[in-house]
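What follows is the residue order along each chain.
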Amino acid sequence: MSQTITPAAIRKTLEVRATPAKAFQVFTAGIDRWWPKTHTIGKAPLKQAVIEPRAGGRWYGVDVEGGEDDWGEVLAWEPPGRLLLAWRINGEWACDPSVHTEVEVIFTDLGAGRCRVDFEHRDLANLGKGAETAAASMDNGWGSILDLYKTAAES
Amino acid sequence: MANANQTKNAFAALADPTRREVFERLAQGPRSVGELASDLPVSRPAVSQHLKVLKDAGLVTDRPEGARRVYQIDPQGLGQIRAWLDRFWDSALEAFKAEAEKDDDDEEDEA
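For the protein sequence lines, the chains are A and B, in the order given. Here the numbering used here is used: the first residue of the first sequence is 36, the next is one more, and so on. Here the numbering used here is used: the first residue of the second sequence is -3, the next is one more, and so on.
I should point out that these hints are in silico values taken from the structure, not numbers from a laboratory. Be careful, since some hints might not be right.
What the hints assert, rightly or not - Calculated lysine-lysine pairs in the DSS-like style (CA-CA distance at most 30 Å, straight line):
#: 1; chain 1: B; residue 1: K93; chain 2: A; residue 2: K47
#: 2; chain 1: B; residue 1: K98; chain 2: A; residue 2: K82
#: 3; chain 1: A; residue 1: K72; chain 2: B; residue 2: K98
#: 4; chain 1: A; residue 1: K82; chain 2: B; residue 2: K93
#: 5; chain 1: A; residue 1: K47; chain 2: B; residue 2: K98
#: 6; chain 1: A; residue 1: K82; chain 2: A; residue 2: K72
#: 7; chain 1: A; residue 1: K47; chain 2: A; residue 2: K82
#: 8; chain 1: A; residue 1: K72; chain 2: B; residue 2: K93
#: 9; chain 1: A; residue 1: K72; chain 2: A; residue 2: K47
My request is simple: use the sequences and hints to build the entire structure.
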């Protein structure tokens, strides 16, 4: 379908004191070490975040009762330089196949054990379709998640 | 400035299936009330009402075009949803950075 209005992609650039290989590894294999767990998917709290290490792999959360919730899939797996994920998460952190947005992460070597991480979350116009259930989770989860992030990141 | 309430309004406005359809039609290009009504199984007054909710939520804007009003998606409206994600990623990437910069047990930093 044609979109005449496209919200700008979310873009972030950060410098990380780590090699691209390590940054890629922490972003993917280590996602569980930094992804938030305080919000709930459906009934049970999130226990684990997983990115399967291959193109076509799944990207999902495991709740404390063992249930798995898909968030999308791995579109491109190119360690240590590039990761492309389909983000099909609606406002309640449930997979909605009608939502197609993309998250791309590029890791560029800056030498001396540092790298630049260029992050982009794009095709956000497509979120309009999956947005209907988001209001509730905004109330319940986001404020506290962001507070926890800050605490963790600044410690 | 988007705040939590405005964002909530935007989400709530899109909760109604007909309203979402109106919104999706407008995502394809600007339309008048008449064009939307002829395209959807709802009356013209109903379309007007849906447009009012979408407009109040900041999701669509309108402008006069000759004798009629033409509605279109307000990029700022989706921008509220975008702002919500933007804050999320800011925090998530901060946490990622902190984690990536932690010393590994078995990996020495370059001397």
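### Query
Would the pair K72 of chain A and K98 of chain B pass a check requiring their Cα atoms to be no farther apart than 30 Å?
holds (20 Å)
### Task
Take a quick look at whether K47 of chain A and K82 of chain A sit within 30 Å of each other, Cα to Cα.
holds (27 Å)
### Message
Just to be careful, I want the Cα atoms of K82 of chain A and K93 of chain B compared with a cutoff of 30 Å; is the pair within it?
### Response
Judged against 30 Å, a Cα distance of about 21 Å means the pair holds.
### Query
Does the structure keep K72 of chain A and K47 of chain A at a Cα separation of 30 Å or less?
Satisfied, since the Cα-Cα distance of roughly 22 Å is no more than 30 Å.
#### Entry: 30 Å limit on alpha-carbon distance, applied to hinted pair K72 of chain A and K93 of chain B
holds (17 Å)
### Message
What's the verdict on K47 of chain A and K98 of chain B, does the C-alpha distance respect the 30 Å limit or exceed it?
### Response
Given pair K47 of chain A, K98 of chain B holds - Cα atoms ~21 Å apart, limit 30 Å.
### Query
Between K98 of chain B and K82 of chain A, is the straight-line Cα distance small enough, at 30 Å or below?
holds (22 Å)
### Query
Holds or violated: are the alpha carbons of K93 of chain B and K47 of chain A at most 30 Å from each other?
holds (12 Å)
### Query
Are K82 of chain A and K72 of chain A close enough, with their CA atoms no more than 30 Å apart?
holds (6 Å)
Checked against the numbered hints above, the structure violates none of them.
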